[in-house]
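Protein chains: 4
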Amino acid sequence: MRGYSMHKDDYQRRLARIEGQVRGLSRMIEEDTYCIDVLTQIASVSKALQGVGLGLLDEHLRHCVRDADARGEGDDKITEAMQAVARMLKV
Amino acid sequence: MRGYSMHKDDYQRRLARIEGQVRGLSRMIEEDTYCIDVLTQIASVSKALQGVGLGLLDEHLRHCVRDADARGEGDDKITEAMQAVARMLKV
Amino acid sequence: MRGYSMHKDDYQRRLARIEGQVRGLSRMIEEDTYCIDVLTQIASVSKALQGVGLGLLDEHLRHCVRDADARGEGDDKITEAMQAVARMLKV
Amino acid sequence: MRGYSMHKDDYQRRLARIEGQVRGLSRMIEEDTYCIDVLTQIASVSKALQGVGLGLLDEHLRHCVRDADARGEGDDKITEAMQAVARMLKV
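Chains as they are written, first to last, in the numbering used here: chain A, 1 to 91; chain B, 1 to 91; chain C, 1 to 91; chain D, 1 to 91.
Hints may be right or wrong, so weigh each one.
A pair holds if it fits inside one copy or across any two, identical chains being indistinguishable in the list.
To be verified - Listed below are the simulated DMTMM-like cross-link pairs for lysine to aspartate or glutamate, each with C-alpha atoms no more than 25 Å apart in a straight line:
#, residue 1, residue 2
1, K47, D37
2, K8, E30
3, K77, E19
4, K77, E31
5, K8, D58
6, K77, D37
7, K8, E80
8, K47, E73
9, K47, D67
10, K47, D10
11, K8, E59
12, K8, D37
13, K90, D69
14, K77, E30
15, K77, D32
16, K47, D69
17, K77, E59
No lab work stands behind these hints: they were computed from the structure.
Build out the structure end to end from the sequences listed, making use of the hints.
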């Protein structure tokens, strides 16, 4: 079982909202909305995306890493999780 | 004229692709894709979003700020642009 | 004249404080301070550093870019400033 | 035993170098170095700081969280680690 499957609906609701926000960005540009207002909205979408990422990472640590730990394979999972955090920080 | 209206199609193409990527994220979760792979994809979407933001900021500095400068109102525009950069950095 | 030379003392005061905070981090590790507390302090130092960066960028836009603009070389300066913002966002 | 005590020297060497870099930033401003070059150097110092943070987080997950897990207190430690990641992402 994958960790975040527990809250699958929750992730999908959040992603559906983000998808709507991205469509909204396209509309803002279509309507020549003031650039700074588009930038504010982009910051809000990025934050929402990072929220989904943090949720996945949380579940990953709570489930995948622990399950792997029980099989003596936790170290690789932690390395993998750390690489994911490093990628999140680079964005 | 708003600065980035010059490349309107370009922004909309990029945003349409991001929208597709967000839909892809939802599908990945639907199909129980391994969390780390979803996180990698989230980092890629965030980067694409930041790219759109940088494009808007670039046009803003090249057009809105200069136009405002010509009217003697450049300082307020720069303050506003800096606040937008600060918000982008906080994400 | 370089833009931020106006507030030179201010930047140096802020950097002296950051230097002290980095020394404090070293002491925290020397004394086996709890990792999460060290991480909180690192986030605070990073934020202070970004603050200095935002200040420099602000002055850059207000002075160097405008001076270059008056000489018809503003476009290159904006490109350069945007590359600096992109680097700040990647960290 | 705190996890990162294993590499204490390593952290302190890295922090000593960061401290030197911050001092270098102060010197750059003292000498009116071109703002964009100072910004490039700030990005490099921030990256080095984040590297120290990632190292601490890695050790935290490998040691503190596992030790807590063995005592049945792992969940709180993961929550705490996730809050630290969220703070790192906000910078």
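Non-conforming hints, listed in increasing numerical order
Structure breaks hints 3, 8, 9, 13 and 16.
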